[in-house]
Every structure is written in structure tokens, then in C-alpha cells.
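Novice: Each chain, letter by letter, is given below.
Protein chains: 2
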Amino acid sequence: MNIRQKISRRTFISTTASATAALAIPGIGKGIAYASSPNATLDPDWKDAGVIATRKSPYAKLHSVPVHAVTITPGFWSKRRETNVQSSIPSMRVELLEHGRMDNFLRLEGKSDAPQRGPVYSDSDIYKWLEATAFAMQSAPLPELRSQTDVMIREVVAAQEPSGYLNTYFVGDRKGDRMLWKTQTTGHELYCIGHLLQGAIAYYRATGDPTLLEAGMRFVDNFLLLNYGPGANQAPIVAGHPEIEMSLIELYRTTGDKQYLNLAGYILKGDPRIPLTNRQIVYMFCGVPFTSRTKLEGHAVRAMYACCGATDYYLETGDPAYWKTLNTLWDDLAEHQLYLTGGVGARSDGEAFGNAYELPNERAYGESCAAIGNMMWNWRMLSATGDAKFTDVMERALYNGINSGMSLDGKMYCYRNPLAFNPATGDKIRNPWYDTTCCPPNLERTFASLPGYFYSTSPEGVYVHFYDNSELQWHLESGTPLVLKQATQYPWEGAVQISVAPATPEEFTLFVRIPGWSKQNTVKVNGAQVANVVPGQYLPLHRKWASGDKVDLAFDMHPQVIHANPAVADDRGRIALQRGPVVYCMEQLDQTVATTESVNFPRYVARLTETTTSQYEPELLEGVVVLEHPGAFLPEPKPALYQAAVPQHASGEETKLRMIPYYAWSNRELSAMQVWVPYQQA
Amino acid sequence: MNIRQKISRRTFISTTASATAALAIPGIGKGIAYASSPNATLDPDWKDAGVIATRKSPYAKLHSVPVHAVTITPGFWSKRRETNVQSSIPSMRVELLEHGRMDNFLRLEGKSDAPQRGPVYSDSDIYKWLEATAFAMQSAPLPELRSQTDVMIREVVAAQEPSGYLNTYFVGDRKGDRMLWKTQTTGHELYCIGHLLQGAIAYYRATGDPTLLEAGMRFVDNFLLLNYGPGANQAPIVAGHPEIEMSLIELYRTTGDKQYLNLAGYILKGDPRIPLTNRQIVYMFCGVPFTSRTKLEGHAVRAMYACCGATDYYLETGDPAYWKTLNTLWDDLAEHQLYLTGGVGARSDGEAFGNAYELPNERAYGESCAAIGNMMWNWRMLSATGDAKFTDVMERALYNGINSGMSLDGKMYCYRNPLAFNPATGDKIRNPWYDTTCCPPNLERTFASLPGYFYSTSPEGVYVHFYDNSELQWHLESGTPLVLKQATQYPWEGAVQISVAPATPEEFTLFVRIPGWSKQNTVKVNGAQVANVVPGQYLPLHRKWASGDKVDLAFDMHPQVIHANPAVADDRGRIALQRGPVVYCMEQLDQTVATTESVNFPRYVARLTETTTSQYEPELLEGVVVLEHPGAFLPEPKPALYQAAVPQHASGEETKLRMIPYYAWSNRELSAMQVWVPYQQA
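So the protein sequences, as listed, match chains A and B. Per the working numbering, the very first residue in the first sequence carries number 2; after that it's consecutive. Per the working numbering, the very first residue in the second sequence carries number 2; after that it's consecutive.
One or more of the hints may lead you astray.
Note that identical chains are pooled: a pair holds if it fits in a single copy or bridges any two copies.
No farther apart than 30 Å at their CA atoms in a straight line, the calculated lysine-lysine pairs in the DSSO-like style are these [said to hold, decoys possible]:
(1) K183 x K429
(2) K520 x K639
(3) K112 x K390
(4) K551 x K390
(5) K325 x K525
(6) K62 x K525
(7) K412 x K545
(8) K639 x K296
(9) K296 x K390
(10) K639 x K80
(11) K259 x K325
(12) K176 x K270
(13) K639 x K390
(14) K259 x K183
(15) K270 x K429
(16) K57 x K270
(17) K48 x K270
(18) K639 x K325
(19) K412 x K62
(20) K551 x K486
Source of the hints: derived by calculation from the structure; they are not laboratory data. From a predicted model like this one, the values you see are computed outputs, not experimental measurements.
Can you build the whole structure from these sequences, using the hints too?
Specialist: Quick look at the structure:
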């Protein structure tokens, strides 16, 4: 018996203010579940689902572990996660309230007379923030946040209409535009509901409270499935901004109701009754069969979310056409479209993918949401395969193009994540608020859900994806309880010790990820060195494991001089530095030969040498390894834009270029920055 | 007595179909002027005004000569100009008619039931085409075009409303939006009227027929000046898309009525009653005092046209604040914003200027209209100063970023003019028609008006700006008739012979331009070498000139290897080739080591050497000088987007990189192209 059998979805909650007493559902705010006999009505596994609930997905090779099963102990990510819960999530709540995002709901309940505020997708800001909070509550109870979110959820649900429809923008004069196919292309109604469902599912998995989930199901069951779909008497659907697909599939995983999976499949296929222009099809990355796609294009977040939904669909159905397309698109990503930082979406124009190899640096868009979408997609591809190439991309995005999106104090966010910056342009890269505030709560939900990405299980054993001080308290798929502990200074040092402790000795495989960037590796099991350690693969350590067993990993932390494929015009004649998973950048303020004129930044050139030195500096930027690379500071160029002369070489003042981790840029005073540094042969 | 005294502007022509007989003005279609006693009623100098009528402008150092005074004889430009008149202008007329641009007018006269077609600025397509035709008719009578344009003008004028208002978009349901300030920001009503006025003035200068000019004046006098302006009882104006400013000043020059100049000044200053956002102010390049601008930004065509209007205003008023701003903006152009091709406007996003030194190649926007606006602005700056630095920019734009805008057969146009191209992107660069078809007729009017840019006069003598086989039949400002003839193979060869023939011997200065790119020059007057020839300046040749005198110029036509300022990230590690005024590019199809895979294009690298060879190939691309530069074809790179390895140098197959003039690119089969070629040190 699952939750859905107990939910009277064809009934509705009145939207009038006087009827909100009906919302005082027993259990809300008390940390226990909906309904009078909670244990009987709830899926017994609600607490044990991971970021995505792939446990029963027939085409998932790996299965998520729940967020609560992993404790990230003091180390690299603990500070970020503490800041996220202590500072980012609470301050974002204040921003959301101050910018009227809850008033939009309260107005519909007669509790606010503020006018509608924010763009068409503003409801999703609330839902994504709720999801961030819900993931945080999967790691710790957080009673103050719990009571704040309970109130907020009650207020959201009270704005739902008897039909199940819920959106604070398409009301009043705009009511007639609801779900018209033209509205669907830009109106974000289903995008908002998708985020509601994701937030509701995370909240349900945190608390067992299905209030918001029921509201989402009423929208889908009573409004959407009844009126929209492929049927002759139904109106067609286009996602507009993909998001609903993956959330419907997660709803299927949460409820077992195949209608949701089928609806996602219908949306992924596109409804030919909707006459889209080619431009719309490219930009929206939906509306035609997903399996007809041959490259990444259009709006990057839309494309990434579509790929997430399509991979989820594959995980449930095994449809080979989906799998073929997903791999074609992934190859396009990895070979043509991926920034060194894991960011994607080169163009600000349309927030879009550019042409193959179009990866500008100063003009890079690299929206935080797109890097997150990239990580989410690769998580799903990893779940399908257990192939470490997907984890490599996730790690690249996580440590760099995602991590850069939030300031160290957790209160300023990047929408764009460029790979070069000139302060003379006046661009403001970090801001506490955006009117389109998709990125800040997206970053918050990502950091809050991070423990759920560290490990997976499979029938063969357990996978270790990421490295940081942490403890897994979970069980093998055989049912044997398992504790794994990591002790490491990763990503600053390459040594990781994993202690393996099954409750009883048991034969299984521990799959430890050897990062693709680590060329020289040592792996020891209880002191004995393991052979055939291949970078970019999971190393299978099969044995009868018993409490007290230890695995020692040592990765190659030499700073690496990176070249881009020569087809990347913007990186030609340039190098970047990477150490471990961390991509570096130069900020002008760190240079010993510093100038205040940002137009002089191009005067720094690197030497083509691998004699980079590294040093941990505990006081700098909350503790980072700094690199120093031999370089020169060139004489001031002539002001002419073009000149007919061959420049002199190897001139300039010798210097050391000082580099900091890219994620930590723009956390001090305004300064020029670049990831790709021009080089000069000595 | 000037024309305006005869025009009853406060009367109007009925728009009803039955009243169109009133439009059968005597003289129309007969090649003679409006009104019963034409010679008495017309400004006697109408035929002698140049592209801009600076003869009486108090702050113009140089004065335009009329287009008809200059005959471009067979040589470089004659073919382009012939194609323009024989092919481009007639085929564009067919395109305009087929796309309903005239039906928009006819519908208002009850002569068409076609719906409104085209974007908000579609009327301007017609006006700009009329201007192109008018300039063509300043060089030759062209009776067929004359009768076609006369019909078209009658149809345009018949759509004018009794109030003087004329616009085919803001009618019917949209009538209530007319000239609201919010409409003005995007509605292009005054932009359209500006083009009407420019077309009408060119037509008047070609034919003496003031029909269209009167319609424009009725709009300005009866509708605009009465209802809009700085007065307390007037509504405010914002140009929205600058264009009206320069056309009002040309109307002032044509009529002597200072109201037009003052209105232009008011618009250039901006009306503080209109509450514009900072984004609008940047994008539109108007709405705040022109003199408050400190850099080029926003929509490039808007900025260039605003600068044209502001320079025209300076030429008439001498306002020093304008002059200061204009020079600040010009320095910004020349030092930070100018493509090697003379194109401007780096970003497709907003068709806009980028940051300083932001000059991407494949993604370059470089709209044809912006390059034309750049040339028009520099023409005005040159008129104010006689400084050859402005002519250098004009020549750079004309031979490259403008000339590239029209295919050799004259029927395909570029909107964008990128400096690199990858056919795998699917971009279509040359097209016969754009729904926003601003560029095609703009190119046509530019080539049609070209003779008017070759020479100027001043009280000291005569200026020679451009070189091509041509004949000036005009007079010195003293009144003495003067014939100048040029014989040359320019731009393929550097030798130019100018024969100077005043009707009677007279002492004056012949100012011959020494191009900035020409480092070694020889100038002889009647065989005697002249000293102190400085590149980038006008060489003043002062003497008593008499018929039979000859000046021989020899410019430096060695191919030049060009480097960009290192602050231009996109050109680092790259060279371009220029020979004379012609900028070169590589097309893949010309390379001896050719591959069909466009991703391999980056495998070609140039050697850093100046041993480029050149050869004229008469059969290629209608006759061009081809360059060959030492280079290499590198081995196929690994497909990885990033790799931790230092690439090997000086490897690859030695080859000659074959380069064609940039303007002639994309006139054969689809092929990759690049102006800036990566170099490798040998």
C-alpha cells in the first residue's frame, strides 16, 4: 500500500481565507507524517530514497543512497555546507519575502494586497528554496527552518485552486492565457510545477510530510492529466522549459503510478499538434522527439534539464533510442561544449550553447544553473552505467563552475561564471539577489544535497564517487549494514584513507573512483599495493571485507599545465593550470608586479614549463592551495589597435604568476581575472 | 527665394483613393521639377549639393562635391557600381514588392487588401531603396528606374494623413500608440521619417522633384513641430533609433530653415521628461545629452547614426562640447572598438558594441549598416577637420567590412560580417532577403553615392580622398572650373597618376591623401620628387596649377603582417594580412592541403615571416590579388577538449597559405574562412 491510495486527489482544498483551517493537517509541524495512521499509509521507504530514487529503476546500474546516510565531516565541503545552512538559506528566505515572492501566494488568499511581483517563473524561486531547505533537513532536523517551511508550504497550498491549478502569475487578467500552447512555450507553468514536485518530494523524504506533494499531485492528477495530453479530447503540452519531465519521473518513483512516467514520455516526445518554429525547437530543447536531437544547442539550462528527464526516462524504460541520443549529446558536451570549469552554455545571447568549440572566456555565460544541470545529468548517466567519465564531469563542475557560483560568505551569487573578467567593464558578477533568481536557490539545493552524491550501491557492492572527510552509514544491497569512513585533505592533498566496516564480514566489491586527471596513482588495501589502477575508471576492489579493513589512495596532485584543443579559438596560445580537481585562475591583485590598469592584464604571460609550485595558505580565502607559475610581465604595448610589426619575444620582467582556485575568485576587492593565461616560449 | 516659400505645407493631400488625382503634380515623371515656374521656385544649387551639403556649413573645413561631378571610370569600383545599378537595385525592388513593403502603403489608399507585413521599421526599407536609386540617378538618368520611383513616391505620398503623419505600421488598432514616448523607444516612427527625408533629399538633388521632400516636410512641420518638442504644451521626443537627427540637419541645409537644426539639437540633447532606464540609454544611444557620452556602447548602428547627427550638428553650430565628445568617442572607436575590416559592433546580443578590445572573430556581428554608419560618421569628421585619420577609417570600412556586405553578383547580402566562419555551424551569411532588410538598401545607397566621397573642396583648394580611375569635373571654390583625372590600378597596384586641369592656371593646394598603411611613398609633381611625405596625412601640394600638370603617387603595396593589440584576446597568437587598403582572409577551399572537415581549419598555422608573395589573378573572383604566406598544416589534434600536455612545435606539413581579399569571401561554395590566422614560430 503506498501513499497515493490514501490521498483523495479528486477532492480539493478551498482557496478562501476562511477555509484555511482545513489546512491544519494533523502531523504538520510535528515532524510526523500525514494521515491518522501514519505507518500504514506511507511508503515505508520514504526516508531511504536518495537524491533520485533509483533503487527500483530497472536500467539503473547504481542506486542512490539517502542524503541522511552520509555525514560530511570537517574538511573541504563542510564549511561550504555549514555556510549554506547558516547563512545562504536563511538570507535567501529574507530576500524572497522582501521581493514579494510569498506575497504572490498570499494575495490570492486575501492575505496580502501587494501586486504580483517578479517574472513569470517566480513561484519556482520558492519551490527551489523549499527543496534546498528540505535537503538540508535530510542531514539535520533544523527546527527553526522546519517551522518556517511548514508555514510557507501551508501558504503555497492555500493558493491552489479547486481545479488543482496552482500558479500565482496566470491569475486575474492573465487567467485566459493559462496553458495555451503559446503560453506554455514561455509561461513556465509546468516548469514551476516541476520545481514544486522536486521540492515536495525532497520535503517528503526529509519529513514524511506529504502536504506539498499532495498539492503537486492534485495539479498533475486533477488538472493536467484530465485536460492535457495526447488524447483527442485533450489539449497538447509543450514543456517550454524542460523540468517537468524529470520531476514527473521522480513522482513516479515516489508513488509507483506509471501515469506520471507515461506523461513524462509524452512530453519528451513532443506533441506534433503544436506548430513550433525551428528557433523555438532549438531554444527550448523540447517540443520534438528528444531522440531526434543530435547536438546540444539552445538555452543551456533547458537542454541540461531535458537531458536529465530523458536519462530518467531511460533509467525506467531502457528505451535504446533514448540511450543512443543521450550518448551522442554527451559526446558533444565533452568534446565541444564543456568549459574547463565544468560550466556549459557559452552565449549570453539566449543563455545558450554556442557552436562546437565556441568557448569564449570573458564573455562566457556559464550560468550556475547550467553547471548544476550538467552535474544532475551526469549523475543520472553515472547511475545508468557506473562509468567514471560521468563522475569526472560532475567533479569538474562541482569544484569549479558550481562552487564559484556562491561567494565564500554564502550571501552573493553568480548568475554568469565567466573565465576571464575585466573590472573596467563595470560588470557585476556576484550579487545578493537577481530578479530572475533561479541560480541562488539552485546552488543552495545542490550543496544541501551533496552527501547524496558521494556514494552509490549496486548488487556487486558500493561505489565511492567523491572524496572528502565523510562517513557513510548505510547497508549493502544484501542488507548487511556498512560503515565507510574517509579521512583526507582532498582536494588539497591526494591521500585518502577509507576504512571499510561491514557489520559482518562479507564478500563484495568496493569501487573506488580513480579521477581522470590523476595520471600516477597508488592504491593499497591494508597496506598491500593494488595493480592495474587506471585513471578515469572505478577500480574494483573485490574481497571479503571486514571491519578494520583500510584502503589507502594516493592521487597525483602535481599542478598540470592544460592546453585546449586548438579548435577552441579563444584558448589558443594560452594555458590553464589545474591541480587535482581544482581549476585555477589569476587575479590581478595577487600579482607581485601589479598594476591598477585592467587593460594591462594581458601583459602577463606564462612560460611553457611545468615547474609550477604549490603551497597551502590557511589564512587565504578560507584556506586554499596557491600555485605559482613562472611568467613575465611584458612592457606596455603601443596603444594602436592594429600594427604592422612583428613583436619582440621573451622580453618583459620575469615574475611568478600567482594563481588561486577559480571557485574562490572575486571574494576580495574587484580585480581582473583570467583562467586561460597567454603563454610565451622562453 | 528658396523652395520652401513655394510649398504650402499647412495644406495636405487627401488620403482617399478618389483624391489621388491631386497627386498628378505637373512635372512628375518628366524629369523636370515641381511647380509651374520651376527655375524660379527651386534653390538654384539643388543639383550641386554633395552627399551632405556642407558648402555653407560654418564649421566644415571641407566641402562636398556633388555626386554627378565625379565619374568613376573602369577600374575597381566601376564593376561594383554597375552591378549595383543593373542588378542589386532592380532585384531589391522586386524583393520589396514581393514582401509587401509597398502594399503596406497601398492598403492605406484602398489599393491593396494585403495585411500589414514586415517589422515596425519596414517603411524605411522603401525610403532607403529610393535613396539608393536617387544617388544612382545623380550619376546617370536611368529613365526606367526614374519612372518606377516616381510611381512609388506617388504611392508613398498618397498614404500620408491630413495631419502630416505618415507611417504604415501605426494605423488601425495601433493608431493609439503613435508617438507615445514608449512607442518612440522602439517604434521607429522618426527613424522611418529620417530615411524618408534622406531619400527625398537625394531624390530632389537627383531630379529637382520635391514631391517626397514636401511630404517629409509636411510630417515635420505640420505634425512633429506642432505637437512635439521641448515646449510645455508639446509632447517630448526620443529618437529611439537615431537617424532623424542627421536627416533634420540635412533638411536644414536643403531649406535654410533653422527650426530643423534646432529640433535636431533638442533631440540630440534628450528630453528629461522621458524616464528612460539606463539600459535603454545605453542601447538606444539617445535620450540623454549626446555630450554626456564617454564611450561607444549599445546598438552599434544607433550609436553610429547618433554620431553622424552630432557631427552634423557640430558642423552647423561649432558647439565645443559636441566636438569634445565626438573626439572622445572616435578615440574609443579607433583604439578599442574597430575591427580590422572597419566593421564595428562586436556582439550579436543587442547588435551592440562590446567592452573595450572585445572583438571576437567567428561571433563578430559587424553589421553592414554599422560599417556604413562608421563611414558616414568619419566622412563628417573629415569634413570638419581635413584630418586623414578619418579617411583611413573610411577606406578600411569601404574596401573591407562594407564591400563584403554585397556578393559579387550583387544579389546576396551580409547582415553580419564575421571575421571567421565555420560552415558546420549552419549559419547563412549571405542571403537575398532579410525580414529586417536594412542592410541591403543601405549597401546600395552607399555604392550609389560613392563618387561623392572621392573629393572635397576647401577655400585652399581640392582634396583627393580615394583612389580609383575617375574624373572630377567641378570647380575650385574661387569658381575656376577644374578637371582632375586619376589613372591607376589601385587597390591592386600602388601607382596613381592624377592629371590636374584648371580651366585657367591658378594657385591653389592639391591635398593628396597618403594612406596610413603606406609606410614608403613616392610623390612626384611633373616628375619632380616631393619631400616630407607623411603616411596618414594629406600631402599639401601648393603651386600654380595649369592644365597638363601631373602628380604621380606610388604607395607601398608590400603585404603587411598585422598584429592586434595584445589586449584583444581573440587575436592573440594570430596574424592578419593586409595589402594596401585590402584586408585578406583564408578560405579553406583555396588551400593546397585542403580537408573537407571544417573542424580541421585550426590546423593551418602561419609562419611569423614577411615573405608573403602576391599575384593578380584576373579570372578569380572578378580579378583579385591573391597572397601566399608560408605556413604549416598541423597533424590532426587529439579529440580531447582539454589535455595536460605541452604540444610539440614546428611540426606539420609545410604549405603556403593562400589568401583572398576579405570582401570577396563566400562567393564560391561554402567554405571555412578566417581573417586572423594562428601563427607558429619556426
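Novice: For every hint, state whether the structure bears it out.
Specialist: Hint by hint, here is what the structure shows:
{"no.": "1", "hint": "K183 x K429", "in the structure": "between (34 Å within a copy, 28 Å between copies)"}
{"no.": "2", "hint": "K520 x K639", "in the structure": "between (43 Å within a copy, 17 Å between copies)"}
{"no.": "3", "hint": "K112 x K390", "in the structure": "neither (51 Å within a copy, 67 Å between copies)"}
{"no.": "4", "hint": "K551 x K390", "in the structure": "within (25 Å within a copy, 75 Å between copies)"}
{"no.": "5", "hint": "K325 x K525", "in the structure": "neither (37 Å within a copy, 73 Å between copies)"}
{"no.": "6", "hint": "K62 x K525", "in the structure": "within (26 Å within a copy, 85 Å between copies)"}
{"no.": "7", "hint": "K412 x K545", "in the structure": "neither (47 Å within a copy, 77 Å between copies)"}
{"no.": "8", "hint": "K639 x K296", "in the structure": "between (43 Å within a copy, 20 Å between copies)"}
{"no.": "9", "hint": "K296 x K390", "in the structure": "within (19 Å within a copy, 47 Å between copies)"}
{"no.": "10", "hint": "K639 x K80", "in the structure": "neither (46 Å within a copy, 39 Å between copies)"}
{"no.": "11", "hint": "K259 x K325", "in the structure": "within (23 Å within a copy, 71 Å between copies)"}
{"no.": "12", "hint": "K176 x K270", "in the structure": "within (27 Å within a copy, 43 Å between copies)"}
{"no.": "13", "hint": "K639 x K390", "in the structure": "between (46 Å within a copy, 17 Å between copies)"}
{"no.": "14", "hint": "K259 x K183", "in the structure": "within (28 Å within a copy, 51 Å between copies)"}
{"no.": "15", "hint": "K270 x K429", "in the structure": "between (39 Å within a copy, 29 Å between copies)"}
{"no.": "16", "hint": "K57 x K270", "in the structure": "within (24 Å within a copy, 69 Å between copies)"}
{"no.": "17", "hint": "K48 x K270", "in the structure": "neither (32 Å within a copy, 66 Å between copies)"}
{"no.": "18", "hint": "K639 x K325", "in the structure": "between (53 Å within a copy, 23 Å between copies)"}
{"no.": "19", "hint": "K412 x K62", "in the structure": "neither (38 Å within a copy, 58 Å between copies)"}
{"no.": "20", "hint": "K551 x K486", "in the structure": "within (9 Å within a copy, 93 Å between copies)"}
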